[in-house]
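All chains, full assembly: derive it from the sequences and hints.
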Amino acid sequence: MKHRELITTPSISKRMKALSHKKSKVESILAKALWHKGYRYRLNYDKLPGTPDIAITKYKIAIFVDGEFWHGKDFEKSKERLINNKEYWIEKIEENMQRDIKNDILLKQIGWIPLHFWSKDVLKYTEYCIDEIELFIEDFK
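Note that numbering that gives the first Met the number 0 has the sequence shown beginning at 0, numbered continuously upward.
Only pairs whose alpha carbons sit at most 25 angstroms apart, straight line, appear in this in silico SDA-like list of lysine to any residue:
(1) Lys24 to Leu42
(2) Lys119 to Val25
(3) Lys91 to Ile104
(4) Lys119 to Glu133
(5) Lys31 to Asp130
(6) Lys72 to Gln97
(7) Lys107 to Asp45
(8) Lys59 to His35
(9) Lys107 to Asp65
Simulated from the structure, these hints should not be mistaken for lab results. This structure is a prediction, so every number in the text was calculated from the model and none was measured.
Set out below in structure tokens:
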């Protein structure tokens, strides 16, 4: 029987900090699809609250591609399935959800439209996500 390394909270934290929070594969898919449609944007635009993954500055649209786990998709159901460090993850994900709400409010206050897409939806329904963005662009014109 192989001995598995015990994963402690500090080792998880160290591993998570090492992850890049820049352009992911899913964000790239959405960004490239927008580019091919002729829309120009900024990636990881840190001049705005929440540092949107994609910011279409011409139309003041801030786009976030949210990971289902990190941003709490169906969180009331999924938090029951958490096993390791349950209290930590519940607190962390709830903080993420509250921060998302706060950043959306701040974006709206300065005249931006925050749009959120789940990463799996971007992968499966990229064209639909583009259509949704274009609805807001049409409203802007």
